[in-house]
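*Asks:* Here's the letter readout for the chains.
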Amino acid sequence: MILKQKRFWWALGVLLLGSILTAVTYFATDIYQKDEVALVTDHQIEDRLIENNRDVYNNYDQTREQILHLQILSGKQKGKTYTVKNVYYPSQLVTEKYRPRQRVFVSLKKGSLALVNPKRDWVLVLTLTITLALMVLVAGKHSLLLILSMALSWLIFYGVIVLDVKLNGTQIILVFGLADIIFSFVSLLIVQGWNRKMLATWVATLLGVFVSFGLAFLIMQLTGQSEMKYETGDYATQDPRGIFLAQTLLGVLGAVMDEATDIVSSLYEIVQQKPHITAKELMKSGRTMGQEIMGPLINVLVLIFMAEALPMTILYLRDNNTLGSAFGFTLSLGATQSTISAISIVLTVIFATGCSLWFLKVQKSGEKK
Amino acid sequence: MSTLLALVIVLAILMTVVGGETGIRSFFSVLINTFLLILVAMLISWGVSIPIVTVIFIPLKLATIIYLGTHDYTVAKNSFLAAFIVCLLVGLLILGCQWLAQAAGLGPEAGEVLVGLSQMPGISYPLIAVTVAIFSTLGAVAEAAVAMSSGLLELKKHNPLITPLELEKSGTSIGKDVLGTAMNTILFGMFGSFLSLFLWYFRLGYSFGEVVNEKLFVNEALIIMYSLIGVLLTVPLATVLISRSMIKNEAKK
Numbered sequence: 001m002i003l004k005q006k007r008f009w010w011a012l013g014v015l016l017l018g019s020i021l022t023a024v025t026y027f028a029t030d031i032y033q034k035d036e037v038a039l040v041t042d043h044q045i046e047d048r049l050i051e052n053n054r055d056v057y058n059n060y061d062q063t064r065e066q067i068l069h070l071q072i073l074s075g076k077q078k079g080k081t082y083t084v085k086n087v088y089y090p091s092q093l094v095t096e097k098y099r100p101r102q103r104v105f106v107s108l109k110k111g112s113l114a115l116v117n118p119k120r121d122w123v124l125v126l127t128l129t130i131t132l133a134l135m136v137l138v139a140g141k142h143s144l145l146l147i148l149s150m151a152l153s154w155l156i157f158y159g160v161i162v163l164d165v166k167l168n169g170t171q172i173i174l175v176f177g178l179a180d181i182i183f184s185f186v187s188l189l190i191v192q193g194w195n196r197k198m199l200a201t202w203v204a205t206l207l208g209v210f211v212s213f214g215l216a217f218l219i220m221q222l223t224g225q226s227e228m229k230y231e232t233g234d235y236a237t238q239d240p241r242g243i244f245l246a247q248t249l250l251g252v253l254g255a256v257m258d259e260a261t262d263i264v265s266s267l268y269e270i271v272q273q274k275p276h277i278t279a280k281e282l283m284k285s286g287r288t289m290g291q292e293i294m295g296p297l298i299n300v301l302v303l304i305f306m307a308e309a310l311p312m313t314i315l316y317l318r319d320n321n322t323l324g325s326a327f328g329f330t331l332s333l334g335a336t337q338s339t340i341s342a343i344s345i346v347l348t349v350i351f352a353t354g355c356s357l358w359f360l361k362v363q364k365s366g367e368k369k
Numbered sequence: 001m002s003t004l005l006a007l008v009i010v011l012a013i014l015m016t017v018v019g020g021e022t023g024i025r026s027f028f029s030v031l032i033n034t035f036l037l038i039l040v041a042m043l044i045s046w047g048v049s050i051p052i053v054t055v056i057f058i059p060l061k062l063a064t065i066i067y068l069g070t071h072d073y074t075v076a077k078n079s080f081l082a083a084f085i086v087c088l089l090v091g092l093l094i095l096g097c098q099w100l101a102q103a104a105g106l107g108p109e110a111g112e113v114l115v116g117l118s119q120m121p122g123i124s125y126p127l128i129a130v131t132v133a134i135f136s137t138l139g140a141v142a143e144a145a146v147a148m149s150s151g152l153l154e155l156k157k158h159n160p161l162i163t164p165l166e167l168e169k170s171g172t173s174i175g176k177d178v179l180g181t182a183m184n185t186i187l188f189g190m191f192g193s194f195l196s197l198f199l200w201y202f203r204l205g206y207s208f209g210e211v212v213n214e215k216l217f218v219n220e221a222l223i224i225m226y227s228l229i230g231v232l233l234t235v236p237l238a239t240v241l242i243s244r245s246m247i248k249n250e251a252k253k
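Protein chains in written order, with UniProt numbering: chain A, 1 to 369; chain B, 1 to 253.
Looking at chain B on its own, in the form it has when it is part of the complex:
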């Protein structure tokens, strides 16, 4: 049996034991999410327009993460809306910053990796870089949106008479926790993802000035910041959406 398969089976067992029904659903959301990513790679390699694939897969991936990961429908609906709006906003920012940074494609080691591979694949790598950045950010945004919405609705459950104004105030304090939570996950995730690259810079004696202008480092640092910006935008937006829907519900009554 391959190691990966064995690990996945252990994970499935653990998630079922610890998580119960929610755990099983989460397991499938992770699995589907991975397949969607592979599907994106396939579609782009077949020459389907990259912007269209990206725009279609943003809501698909958000829905997989949010609707399968949470069991409260109100939380899910609100988080999905907040996360989707934030992803579109951050997507625009990414488009602008990636254009300015010109950091697409493969890095300095390319020659070695590319033996036997085409260097002229005929698809736009600057656009692929934008897609990669958006997808890397998406997970953090979805997580923050779910944490914000469930935190606020929990508050409302315990204190049904809370006014929208008070709710927005609590939103700020819940937001701080959510922010703290997201930050380490993003930062260390990226450290873990690019450790070999940092070792490479260090061993080959890159100077600080070179590193901060180097394609792959710039790309990575930018993705960390896009993710943080995404989480930062999610905090107020999720709060506003929840208090809006509260006002609407009250008007109905």
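Chain A on its own, in the form it takes in the complex:
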């Protein structure tokens, strides 16, 4: 692999800066609003077995207890030391095992101390550093655009959530439909600039998302939404059906946008190189491309939507539920979301090819003049 020297130095710079930021985050103490930071002062934590457990499902586990010595590093009680007991189960499903010399969050109320969380933010900074350094190394200058578009996506995402909460979740489909329109416009504008190709991609994306969403909605109504267990969605703070539909609208957008970009850009190249190509030939090229892309893309989304539910599925199966009920409670929403997304991805092949026909028309009318 030929590495451009300059790129290498930039990547090294990112790595260096990132390492410093990681260290700063690791040692940061006074920037947190709610909880205080504390240090586990033990070099070896006293850890004893309280009892061996066997639950009603015949799962064997243990109850263990750690004795932690903590030194407070922030806030009014800085420098004070506490001793605290931490009960945990080695499976660590809901409990946490703490490590020697670790930094943790604690909440202090009236002289008593409660463990909250291990300090994890520095791991995010560390991983982000590795990602960005690699990105600079592989994509060079182009990575600036990628980072910009990613940062903007997070920003808009935050804005949409604020808006949704302000409307109290009443207009959730409208809000996230609108969000899709804005997201795709901004993202495509950054990467492609304002031109005909970008507009065609944008229209294809929106058609792909909304037509398939309408189709899926229709099917859901026709089948009476049978076996749709919306209430099994996690962390529902508002109407779970609305959240599910919003998640579907949002989750598929990226894949459809990327697919439309791929197909429209390639067909645009073809029209540039072979101006006399017929509409039929162009449609055939579009279809061939679409066939190649759609399988892997659908698999990407299936894995993202379903793997997330794996820990819960395993727990349900572990507790002697049948496969059917475990599936219904944990995987069925993810599977439905995957299927709707897959329909969008397939339909986008048609819309992206259709929108590319426009280039041909423009090309021909240009020749007439």
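Simulated from the structure, these hints should not be mistaken for laboratory data.
Treat the hints with caution; some may be incorrect.
[What the hints assert, rightly or not] Going by beta-carbon spacing under 7 Å, a handful of chain B positions derived as facing chain A:
#, residue
1, I13
2, M15
3, I229
[To be verified] Here are the in silico distance ranges between beta carbons for each label pair:
#, chain 1, residue 1, chain 2, residue 2, range
4, A, Q171, B, S170, 54 to 60 Å
5, B, V240, A, I20, 19 to 25 Å
6, B, F208, A, Y230, 28 to 34 Å
7, A, W9, B, Y73, 38 to 44 Å
[Claimed, not checked] No more than 27 Å apart at the CA atoms, straight line, and that leaves these computed lysine-lysine pairs for DSS-like:
#, chain 1, residue 1, chain 2, residue 2
8, A, K141, B, K77
9, A, K6, B, K157
10, A, K274, B, K176
11, B, K157, A, K280
12, A, K141, A, K110
13, A, K274, B, K169
14, A, K141, B, K248
15, A, K284, B, K156
16, B, K157, A, K274
17, A, K284, B, K248
18, A, K274, B, K248
19, A, K97, A, K109
20, A, K361, A, K280
21, B, K248, B, K169
Note that CB positions come from ideal geometry on N, CA and C, so glycine has one too.
Model the placement of chain B on the given structure of chain A, informed by the hints.
*Replies:* Just chain B, lined up with the frame of chain A:
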């Protein structure tokens, strides 16, 4: 008829109409992929060693996605090799980062969800978190590997006299497109997957400092970055593998 079944039937029809034979094969690759995931859940719940299940299912899932999804054998062979190596590398990174982050298990809502379920299931959730992260990343890596390999081989088809060095140069520019393509898919896929969690944080007034230290958020953000790292590693590796195999083929002649 259940809604899910109706949707799956519509999908099958659409994939056949739009995709032809490749479409039917892709449909089955998605179906098999889903069944493999359920099988993983079953095996782990029966107490089979989690690392062994993971190591066996990585190549199985990659093969399902790659060999069934593409019809060019050279593309498939090259993509599979690249994706497999990258998955192992990223797997090591995931192992390290998950150990540092201690973000396994269920989140703050756990109490509510867990009514009637065992809180002491006797299997290691930190290891399950690693498996979940690897499988979430795997799809993106496979997609990138296929896109890279088919792009480069297409180039070679149009320009048979291209030297390995020139090919590696074009690899960088194809890589940029592949990267752009993968990024939005991953990012929005994760947004869509965790929207309810974000709404939960917001409604319960979590501060920024709390969110970036919270188990589930950290887990999600890490998975986004693992996937990006996976795609980033795939770009140069797939290029090197293709140009290597070109040199070997020429030596044979």
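*Asks:* The structure should be examined with respect to each hint, and the outcome stated for every one.
*Replies:* For each hint, the structure was consulted:
Contact between B/I13 and chain A, as hinted, is not supported at the beta carbon level, the nearest pair being about 10 Å apart and thus beyond 7 Å. Annotation: B/M15 was flagged as interfacial toward chain A, and the flag holds, the nearest CB pair being 6 Å apart, inside 7 Å. The beta carbon of B/I229 comes within 5 Å of a beta carbon in chain A, closer than 7 Å, and the hint placing it at the interface holds. In this structure the hint that A/Q171 and B/S170 lie 54 to 60 Å apart at CB is violated, the actual value being about 48 Å.
Checked against the given bound of 19 to 25 Å, the beta carbons of B/V240 and A/I20, roughly 32 Å apart, lie outside it. Separation of B/F208 from A/Y230 is about 30 Å and conforms to the stated range, judged on CB atoms against 28 to 34 Å. Between A/W9 and B/Y73 the CB atoms are about 41 Å apart, so this pair conforms to the stated range of 38 to 44 Å. Proposed proximity of A/K141 and B/K77 is contradicted: the alpha carbons are some 31 Å apart, above 27 Å.
Straight-line distance between C-alpha atoms of A/K6 and B/K157 comes to about 32 Å, which puts the hinted pair past the 27 Å bound. Among the hinted pairs, A/K274 with B/K176 is consistent with the structure: their alpha-carbon atoms are about 25 Å apart, no more than 27 Å. The hinted pair formed by B/K157 and A/K280 meets the criterion: a straight-line CA distance of about 23 Å does not exceed 27 Å. About 54 Å separates the Cα atoms of A/K141 and A/K110, which puts this hinted pair outside 27 Å; it is violated.
Taking the CA atoms of A/K274 and B/K169, the gap is near 25 Å; set against the 27 Å cutoff, the hint holds. Taken as a hint, the A/K141 and B/K248 pair is broken in the structure, with Cα atoms around 33 Å apart against an allowance of 27 Å. The hinted pair formed by A/K284 and B/K156 meets the criterion: a straight-line CA distance of about 22 Å does not exceed 27 Å. Among the hinted pairs, B/K157 with A/K274 is consistent with the structure: their alpha-carbon atoms are about 18 Å apart, no more than 27 Å.
With a C-alpha separation of about 35 Å, the suggested pairing of A/K284 with B/K248 is violated against the 27 Å cut-off. At roughly 35 Å between alpha-carbon atoms, A/K274 and B/K248 are farther apart than 27 Å, so this suggested pair is violated. A distance of roughly 22 Å separates the Cα atoms of A/K97 and A/K109; the hinted pair therefore holds under the 27 Å criterion. At roughly 13 Å between alpha-carbon atoms, A/K361 and A/K280 fall within 27 Å of each other, so this suggested pair holds.
In summary, the hint linking B/K248 to B/K169 is supported, as the alpha carbons are separated by about 19 Å, within the 27 Å threshold.
Violated hints, listed in ascending order, are 1, 4, 5, 8, 9, 12, 14, 17, 18; each of the other numbered hints is respected by the structure.
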